[in-house]
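Colleague: Residues per chain are reported as follows:
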Amino acid sequence: MSAPDVNIERRLRALMGPDAFVESNDDGIPTVAPRTTEACALVVETANHEGWQVRIAGSGTWNQETGPADLILSSSGLSEVEDVRAADLVATVQAGVDRDTLRTALADRGAWWPVDPPGFRRTVGSVVATATAGPLRSGFGSIRDHILGLTVVTADGRVVHSGGRVVKNVAGFDLTKLATGSFGAFGFITRVHLRLRAIPRADATLVATGERSTLVQHAQAILEAGLTPAALEVMSPAAGGSESWTLGVRLIGPDPSVNADRHALKAASALSWSEPAATDAAEFWRNALQHPMRHPIVLRVGAVITGLEHAIDLLAHHLDDECVSASVAVGAVRWSGTADPSRVQLLRHTAAQVEMPVTIERGPWSLQSELGHFGAYREGVSRLMGSLRDTFDPNRTFVVALGAET
Amino acid sequence: MAQMTIPKQTMQAVAAVVGDRWVRQSPSELDTYASDGLPTRRSRPGAVVLPGSREEVVELVRVLSHHQVPFVARGAGTGLSGGALADRNAVVVVLTRLNRILDIQPQNRLAVVEPGVVNVRLSEATAPHGLHYAPDPSSQTACTLGGNVAENAGGPHCLKYGVTSNHVLELEVVLSNGDVVTLGSRGGEPWGSDLVGLFVGSEGMFGIATRITVRLTPIPQAVETLLADFPTVRAAGEAVSAIIASGIVPGALEMMDQGCVAAVEASIYAAGYPTDAAAVLLAEVDGRDAESVAGEAREVEGILRHHGARSVRVATEAAERARLWQGRKKAFGALGRVSPNLVVQDAVVPRSVLPDILETIGDIGEKYGVTVTNVFHAGDGNLHPNINFDRSDEDEVERVEAASEAIMKACIDAGGSITGEHGVGIDKLRYMSLLFDSDTLSAMRAIRRVFDPQEIANPGKVVPIHACREWAAAASTRREGDPRSGDRALHVGA
Numbered sequence: 001m002s003a004p005d006v007n008i009e010r011r012l013r014a015l016m017g018p019d020a021f022v023e024s025n026d027d028g029i030p031t032v033a034p035r036t037t038e039a040c041a042l043v044v045e046t047a048n049h050e051g052w053q054v055r056i057a058g059s060g061t062w063n064q065e066t067g068p069a070d071l072i073l074s075s076s077g078l079s080e081v082e083d084v085r086a087a088d089l090v091a092t093v094q095a096g097v098d099r100d101t102l103r104t105a106l107a108d109r110g111a112w113w114p115v116d117p118p119g120f121r122r123t124v125g126s127v128v129a130t131a132t133a134g135p136l137r138s139g140f141g142s143i144r145d146h147i148l149g150l151t152v153v154t155a156d157g158r159v160v161h162s163g164g165r166v167v168k169n170v171a172g173f174d175l176t177k178l179a180t181g182s183f184g185a186f187g188f189i190t191r192v193h194l195r196l197r198a199i200p201r202a203d204a205t206l207v208a209t210g211e212r213s214t215l216v217q218h219a220q221a222i223l224e225a226g227l228t229p230a231a232l233e234v235m236s237p238a239a240g241g242s243e244s245w246t247l248g249v250r251l252i253g254p255d256p257s258v259n260a261d262r263h264a265l266k267a268a269s270a271l272s273w274s275e276p277a278a279t280d281a282a283e284f285w286r287n288a289l290q291h292p293m294r295h296p297i298v299l300r301v302g303a304v305i306t307g308l309e310h311a312i313d314l315l316a317h318h319l320d321d322e323c324v325s326a327s328v329a330v331g332a333v334r335w336s337g338t339a340d341p342s343r344v345q346l347l348r349h350t351a352a353q354v355e356m357p358v359t360i361e362r363g364p365w366s367l368q369s370e371l372g373h374f375g376a377y378r379e380g381v382s383r384l385m386g387s388l389r390d391t392f393d394p395n396r397t398f399v400v401a402l403g404a405e406t
Numbered sequence: 001m002a003q004m005t006i007p008k009q010t011m012q013a014v015a016a017v018v019g020d021r022w023v024r025q026s027p028s029e030l031d032t033y034a035s036d037g038l039p040t041r042r043s044r045p046g047a048v049v050l051p052g053s054r055e056e057v058v059e060l061v062r063v064l065s066h067h068q069v070p071f072v073a074r075g076a077g078t079g080l081s082g083g084a085l086a087d088r089n090a091v092v093v094v095l096t097r098l099n100r101i102l103d104i105q106p107q108n109r110l111a112v113v114e115p116g117v118v119n120v121r122l123s124e125a126t127a128p129h130g131l132h133y134a135p136d137p138s139s140q141t142a143c144t145l146g147g148n149v150a151e152n153a154g155g156p157h158c159l160k161y162g163v164t165s166n167h168v169l170e171l172e173v174v175l176s177n178g179d180v181v182t183l184g185s186r187g188g189e190p191w192g193s194d195l196v197g198l199f200v201g202s203e204g205m206f207g208i209a210t211r212i213t214v215r216l217t218p219i220p221q222a223v224e225t226l227l228a229d230f231p232t233v234r235a236a237g238e239a240v241s242a243i244i245a246s247g248i249v250p251g252a253l254e255m256m257d258q259g260c261v262a263a264v265e266a267s268i269y270a271a272g273y274p275t276d277a278a279a280v281l282l283a284e285v286d287g288r289d290a291e292s293v294a295g296e297a298r299e300v301e302g303i304l305r306h307h308g309a310r311s312v313r314v315a316t317e318a319a320e321r322a323r324l325w326q327g328r329k330k331a332f333g334a335l336g337r338v339s340p341n342l343v344v345q346d347a348v349v350p351r352s353v354l355p356d357i358l359e360t361i362g363d364i365g366e367k368y369g370v371t372v373t374n375v376f377h378a379g380d381g382n383l384h385p386n387i388n389f390d391r392s393d394e395d396e397v398e399r400v401e402a403a404s405e406a407i408m409k410a411c412i413d414a415g416g417s418i419t420g421e422h423g424v425g426i427d428k429l430r431y432m433s434l435l436f437d438s439d440t441l442s443a444m445r446a447i448r449r450v451f452d453p454q455e456i457a458n459p460g461k462v463v464p465i466h467a468c469r470e471w472a473a474a475a476s477t478r479r480e481g482d483p484r485s486g487d488r489a490l491h492v493g494a
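Residue numbers (the numbering used here), protein chains in the order written: chain A, 1 to 406; chain B, 1 to 494.
Please keep in mind that the hints were generated in silico from the structure rather than gathered at the bench. C-beta: ideal position from N, C-alpha, C; glycine also. Mixed in with the good hints there might be a few duds.
[What the hints assert, rightly or not] Over 10 Å on every C-beta distance to chain A, these chain B residues come out as not near it, computed from the model:
hint, residue
1, A15
2, T141
3, G259
4, E317
5, R337
[Claimed, not checked] Within a straight-line C-alpha distance of at most 16 Å, the following computed EDC-like cross-link-like pairs (lysine to aspartate or glutamate) qualify:
hint, chain 1, residue 1, chain 2, residue 2
6, B, K160, A, D145
7, B, K367, B, D395
8, A, K266, B, E265
9, B, K330, B, D395
10, B, K409, B, D363
11, B, K367, B, E398
The shape of chain A in the complex, shown without the other chains (with noise of 0.2 Å):
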């Protein structure tokens, strides 16, 4: 890395032009944010060639603190929603474009991205690089399940469009699915094809409380009843905004398949159920997503269904149970908190004994850097993984700790 040098941002403004707003953040690192895919690639591609490394930046709210480099090639000036083609059920969107705005852009048109990551203001091209889903991904599976294709600029300058706007699509190999929850390792993602949902006519949340094991138990008694929720998460206490552990389910669809979900729900399980109205339970959704944002470590486990008690052990063992939240049909479990990156190290030497991924979805340069975001691997995944990256990034122009490719 090159000391902090003003003749970075002044290069960088001499090369953008009016393509991209450029400036020094607070420690003195340039900032470009470049308004087309092809100013990007410019950038990068003179970054790769000049030796400067570059960290990738959305809107700031998930990863505040990340790694040293020689410039932040930020997606703030990529904030167009390009296209919404309602009746296809497709939208073509900048990355830089927040759930918010894309939320009323979609609306507007009827549509709906089923997507709940955790944190706030978050962008499109975060969400995609970081892969955080929330508990939607019970009911509509994760954000690849979401993405029809993308564009990302790799660390030589070079565009890669992959996918396209129809919502089925085989034609070459899946380089949407490459870089889809890898970091922005192999890649700036700059635009993203998503696959939407009409808007829901009906949208109910049901909440109960009790006994962390019990709640877990009723929500594997509600799966084997032939229910798929599209959210069905047991929370912690602080997680879940409860004195006691909740068990938080959403049923999403018409009204008469929602009516007889609920039936079926309560059926399945005898817990003392609420339903709070509507936007009561959007605020209980909203603060269940932001509570990880009170941290700064964020992990996801990736266990099977019957292990998830077993995952949430885990973490209480080697971390905390304090702010945890399991979406259960589809065994993943987020839990964020403060920890030793050496407790995190041995949670992971332990999650890996038994088949269970830790991925560091946020954290502080130091933890991310030390252990990576994915860390450990399952033999001969590294090497993959390593190859994969000297490929797309020999040079690691993009700072990106991936983990323990050799």
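Starting from the structure of chain A, add chain B where the hints point.
Modeller: This is chain B only, laid out in the frame that chain A set:
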């Protein structure tokens, strides 16, 4: 007698792995594997080998890698893009003997299978648990799950439930050098980047999947199937868009045009479709609750009638629904009776342009003097234009090829893609440069070389190499020990 293009020494080593009984080398035997579901291409492979276990697959691939002999993995051979074809320098590795369902975990909604398991067998095995494997290609009574993974197969019910990639959680993969790697995890969370998502649909060019963990889905307890007939194809296409926009997600939404209906009704698969209709739509609504499903079915019926359906038939009984579906699922078989050969094309367009593109396809058929019939996944915009022809008529074959190319170009121009579920294989190779620029194709090839540096796994498919530039050929120059590389984390394996 063997063609002797694969060294004798290699074949001896191969036979030592699987036994002589499972090696095919005579021309008549090899001819069985000279084509798949794509009728326009034939290629006799150098040899065919049928390993009986994953250990044999691993050892076999090691032998072939050591001798630098290309190989092509093959399931049931029902693929429609020529993806399972091999030339005389390559060995076809047939995986149909690896046909065990290894584990079913109802509580975790997952199953673990070998690649040779036939698609429909898995759903049959999981049905007692109230679960099924949702992707249902039309060939599901024959095609294998390994082939489904390679092609990222779809099917009529993928409109609601997603394609193969939405249902694969974990893959045990033999890379082209014989290394065995497990991608993904049984819970679905990746170890690292989403290499499962990358592998699914890689058309056998990244390696061979020997163990597949899939997600299972509850079987809908209530199902209603509606058959609507329309006086124009345009009206049927507009009804499709209206249903999708209504917020109802049908289990399936399929369209057949008049030519297809006529072929079905003239066959043993006759389903009672109205033969005077310009198009029929088959819409299925499913869910847990009979009453709510009935409500959605009434709503769909209203939309269909509002958009000009002459009649709407609602089937609620299983036998009647099965009859309606039989006509759709066997449509390709019925069309196959019409002429000696049939090309089943595959392309995708935005749903809203369906009416226009169907007219364009009709015009293309007229221009080239070929008959194009359409049976397709309308809800996904996934077209299957079919062209009947006689392979012995060279002029007709040329016109079929030209019409196919024109259809592909029209779909690309309409904002679509050249394949929605059949894959690129060799059939669509020539269109890839129309869809992707050189940098994107180069990136695809570069990724392939990460998995298969020798490029011996199913060579010559998917990516037109002539269109690629070299990608990051220079050795890594990253700074050793640079903390920003983030490569210091401990490798713990699992």
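Colleague: Could you grab the alpha-carbon distance between K367 of chain B and D395 of chain B and see if it respects the 16 Å cut-off?
Modeller: holds, 14 Å
Colleague: So A15 of chain B supposedly isn't at the interface. Is its beta-carbon more than 10 Å from every beta-carbon in chain A?
Modeller: Consistent with the label, A15 of chain B stays out of reach of chain A, its closest Cβ about 28 Å off (over 10 Å).
Colleague: Would the least Cβ to Cβ distance between G259 of chain B and chain A come out above 10 Å?
Modeller: holds, 23 Å
Colleague: Taking the shortest Cβ-to-Cβ distance between R337 of chain B and chain A, state whether it exceeds 10 Å.
Modeller: R337 of chain B is indeed farther than 10 Å from all Cβ atoms of chain A, at 28 Å.
Colleague: Would you check the hint for K367 of chain B and E398 of chain B, treating anything up to 16 Å between C-alpha atoms as holding?
Modeller: The hint holds at about 13 Å.
Colleague: Measure nothing beyond the straight line between the CA atoms of K409 of chain B and D363 of chain B; if it is 16 Å or shorter, mark the hint as holding.
Modeller: Within the cut-off at roughly 13 Å; holds.
Colleague: Mind verifying the non-interface call on E317 of chain B? Its CB should be farther than 10 Å from each CB in chain A.
Modeller: holds, 21 Å
Colleague: Does D395 of chain B lie within 16 Å of K330 of chain B when you go C-alpha to C-alpha?
Modeller: Roughly 29 Å separates the two Cα atoms, so the pair is violated.
Colleague: What's the verdict on K160 of chain B and D145 of chain A, does the C-alpha distance respect the 16 Å limit or exceed it?
Modeller: It holds: about 12 Å lies between the C-alpha atoms, which stays within 16 Å.
Colleague: Taking the minimum C-beta separation from T141 of chain B to chain A, is that value above 10 Å?
Modeller: Holds, since 22 Å exceeds 10 Å.
Colleague: Verify the proposed pairing of K266 of chain A with E265 of chain B, using a straight-line Cα cut of 16 Å.
Modeller: violated, 47 Å
Consistency note: the structure conflicts with the earlier hints numbered 8 and 9.
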